[in-house]
Amino acid sequence: MLRDVYIAGCGMTGFGRAAGDLLDILEEAALAATEDAGIFSEIESVFVANMGAGILNHMSGLGSALVDRLCLYPTPAELVENGPASGGSAAKIGAYAVGSGAVDVALVVGGEKMRAVTGWEATDFVATLSHPQAEYIYGVTLPALAGMFARLYMEKYGITPEHLARVALKNHENGTKNPYAHIQQAVSLDGILNRPEAVVNNPWVAEPLRMFDCCPVSDGGAGLVLCSKEMAEKTGKPLVKISGIGQATDTHAVHEREDPIELKAVQLAAKKAFEEAGIKPSDVDVAELHDAFTILEIAESEQVGFFERGTGHIALEKGETSLGGKLPINPSGGLKARGHPVGATGVAQLVEIAWQLRGDAGERQVKNARTGFTCNFGGFGNNVLCFVLEREN
Amino acid sequence: MTEISAYTCKDCGKRTHVRHSHCPACKGTSFDEAPLSGKAKLLTFTRVHALSLAYEDRHITLGIVEFEDGCRALGRLYVDDPRIGMELTAEIGTVRVHELEEVKGLCFK
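Residue numbers (my numbering), protein chains in the order written: chain A, 2 to 394; chain B, 118 to 226.
Just so you know, the hints here were simulated from the structure itself, not pulled from any lab data. None of the values given here were measured: they were computed from a predicted structure. Errors might be hidden in some of the hints.
Here's a subset of chain B near chain A, in silico, CB distances under 8 Å, partners left out [what the hints assert, rightly or not]:
#1 Pro141
#2 Ile209
#3 Gly210
#4 Gly222
Estimated spans, in silico, between C-beta atoms of each pair [to be verified]:
#5 A:Asp260 <-> B:Arg175: 43 to 49 Å
#6 A:Glu276 <-> B:Lys127: 37 to 43 Å
#7 B:Arg136 <-> A:Ser61: 25 to 31 Å
#8 B:Tyr195 <-> A:Trp121: 31 to 37 Å
#9 B:Lys158 <-> A:Gly21: 48 to 54 Å
#10 A:Lys368 <-> B:Asp197: 50 to 56 Å
#11 A:Thr119 <-> B:Arg200: 31 to 37 Å
#12 A:Lys157 <-> B:Gly155: 25 to 31 Å
#13 A:Gly21 <-> B:Arg136: 39 to 45 Å
#14 A:Ile315 <-> B:Lys221: 41 to 47 Å
#15 A:Pro133 <-> B:Tyr195: 18 to 24 Å
Going by beta-carbon spacing under 8 Å, a handful of chain A positions derived as facing chain B [as the list claims (entries may be wrong)]:
#16 Leu71
#17 Cys72
#18 Thr142
#19 Ala145
#20 Gly148
#21 Pro204
#22 Trp205
#23 Ala207
#24 Glu257
#25 Asp260
#26 Glu263
For glycine and all other residues, C-beta sits at the position ideal for the given N, C-alpha and C.
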């Protein structure tokens, strides 16, 4: 980028079931971010991230709709759709708009209203991102792709159902400390795995994955105000810089990957983000990974470079990824507990890291966090965005 | 019966079930199209309990297989006790009924 880009303001809605419509969600997230920044009329471009309003809410043209709600016209606006990585993509495009010097201030807002439809309609909607002839027609769901991935990953590295459950335990525990989380309730190994009634509490979704291995279906929104250093300095808040952005794609159909458990887009996106920031994975103090399924947190923690291959579950078991550990992962509760309104998630990950770096994360604050990382996983790993954020002052 | 195809690159011989404009191995642009069937080995599978729309089944089993020539595909699995590495035969059958129409696809038995 030609110049540095900063997060001047951030905010989000409470994830879960929203009372209002999608536009209300986007408005609330936009206002949370702009009020936090103390910047509004200076916004020069608006990027809205959403995956499914056309299918779920019978709405389109969300960029224009949000600009109208905010009376920001004639500010340019558009919708960015990149599946569950829509949020990361909109943030990237917003950062590039500021970084290129085209604009000084960009507003990025991600939002989704998924609970407007039934559970199976939501499942079918997300499955529309699979390959239409080679996957979707067979009734593939995202949990099914994750289940096939998990079976191979678990067998290769000796990961047990208990390791997967421990991801859920950790993230639900973190979620109890996040007032914005969809699920603010801790779970126990007895409740979801060990006791006989666990099979009722935690039924199969796509073997070997159970309900508590999957994120919930959520409504919610998140917003960011991105700007130049000069503008960011005027806010009087700690300076949070976007110091690295990486994005990569992979085959649409999962079976076309040479080794289906290699998440090449994750590896490449992370590598590029770290290179651009000029740091190593070991420099990261706090990370938000895309744990749409518990197995993905473990796999991503290895494939972005935090842990050696096959040791992510061991680091988890030792508590290294818990709050207070060497590298807390998903202090927000992650997708597992904060929730996963698909278009909002990539933005919400950046909001959490910005709060962590500013020291605004309340009970879930990671001490002395100065460098943060996010991984926003689109498709089943076919379009991935990673970001490195750093606190400057 | 609807045929399910695979595409063989005329330049390098790489065969894929998914149609591409450029060969994923050599970027070649001409292909021979032929039906995909025959013997295959199971690479991974899942029994799906939380189904998406248009299913009356309580669960379905899906698997990814590799054919003898290296071509891979995903399809419905009709075996009671699937195991990674087991030999299967691919046939074309009804994999889904969507808006009263039968959708044909790969069935592994």
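Now for the hints, and whether the structure bears them out:
Against a cut-off of 8 Å between C-beta atoms, the interface hint on proline 141 of chain B holds, since the closest Cβ of chain A lies about 7 Å away. About 12 Å separates the beta-carbon of isoleucine 209 of chain B from the nearest beta-carbon of chain A, more than 8 Å, and the hint is not met. Of the supplied interface hints, the one on glycine 210 of chain B is violated, with its beta-carbon coming no nearer than about 11 Å to a beta-carbon of chain A, more than 8 Å. Using the Cβ-Cβ criterion of 8 Å, the hint placing glycine 222 of chain B at the interface with chain A is satisfied: the shortest such distance is roughly 5 Å.
Range check, aspartate 260 of chain A to arginine 175 of chain B: about 32 Å between beta-carbon atoms, so the 43 to 49 Å window is missed. For glutamate 276 of chain A paired with lysine 127 of chain B, a C-beta distance near 38 Å keeps the hint of 37 to 43 Å intact. Distance hint check for arginine 136 of chain B and serine 61 of chain A: the Cβ-Cβ separation is about 29 Å, which falls inside the suggested range of 25 to 31 Å. Evaluation of the 31 to 37 Å hint for tyrosine 195 of chain B and tryptophan 121 of chain A yields a failure: the beta carbon distance comes to about 23 Å.
Between lysine 158 of chain B and glycine 21 of chain A the C-beta distance comes to about 51 Å, which sits within the given range of 48 to 54 Å. Judged by the Cβ atoms, the range 50 to 56 Å given for lysine 368 of chain A and aspartate 197 of chain B holds: they are separated by roughly 53 Å. The given range of 31 to 37 Å is respected by threonine 119 of chain A and arginine 200 of chain B, whose C-beta atoms sit roughly 35 Å from each other. Roughly 28 Å separates the CB atoms of lysine 157 of chain A and glycine 155 of chain B, a value that falls within the hinted 25 to 31 Å.
Our hint of 39 to 45 Å for glycine 21 of chain A and arginine 136 of chain B holds, since their Cβ atoms are close to 43 Å apart. Judged by the Cβ atoms, the range 41 to 47 Å given for isoleucine 315 of chain A and lysine 221 of chain B holds: they are separated by roughly 45 Å. Between proline 133 of chain A and tyrosine 195 of chain B the Cβ separation comes to about 23 Å, which falls inside the hinted range of 18 to 24 Å. A hinted interface residue such as leucine 71 of chain A counts as satisfied when its beta carbon comes closer than 8 Å to some beta carbon of chain B; here the least separation is about 36 Å, so the hint is violated.
Hint status for cysteine 72 of chain A: violated, given a least beta-carbon distance of 39 Å to chain B, over 8 Å. At about 5 Å, the closest approach between the beta carbon of threonine 142 of chain A and any beta carbon in chain B falls short of 8 Å, and the interface hint on this residue holds. Using the Cβ-Cβ criterion of 8 Å, the hint placing alanine 145 of chain A at the interface with chain B is satisfied: the shortest such distance is roughly 5 Å. This hint holds: glycine 148 of chain A has a C-beta 3 Å from the nearest C-beta of chain B, less than the 8 Å allowed.
Using the Cβ-Cβ criterion of 8 Å, the hint placing proline 204 of chain A at the interface with chain B is satisfied: the shortest such distance is roughly 7 Å. A distance limit of 8 Å between C-beta atoms decides the matter here; for tryptophan 205 of chain A the minimum to chain B is near 4 Å, and the interface restraint holds. The criterion of a C-beta within 8 Å of any C-beta in chain B is met by alanine 207 of chain A, whose closest approach is roughly 5 Å, and the hint holds. A hinted interface residue such as glutamate 257 of chain A counts as satisfied when its beta carbon comes closer than 8 Å to some beta carbon of chain B; here the least separation is about 6 Å, so the hint holds.
With 8 Å as the threshold, the beta carbon of aspartate 260 of chain A stays out of range of chain B, its nearest partner Cβ sitting at about 10 Å, so the hint is violated. At a threshold of 8 Å, the smallest CB-CB gap from glutamate 263 of chain A to chain B is about 13 Å, leaving the interface hint violated.
Going through the hint list in order, the structure does not satisfy hints 2, 3, 5, 8, 16, 17, 25, 26.
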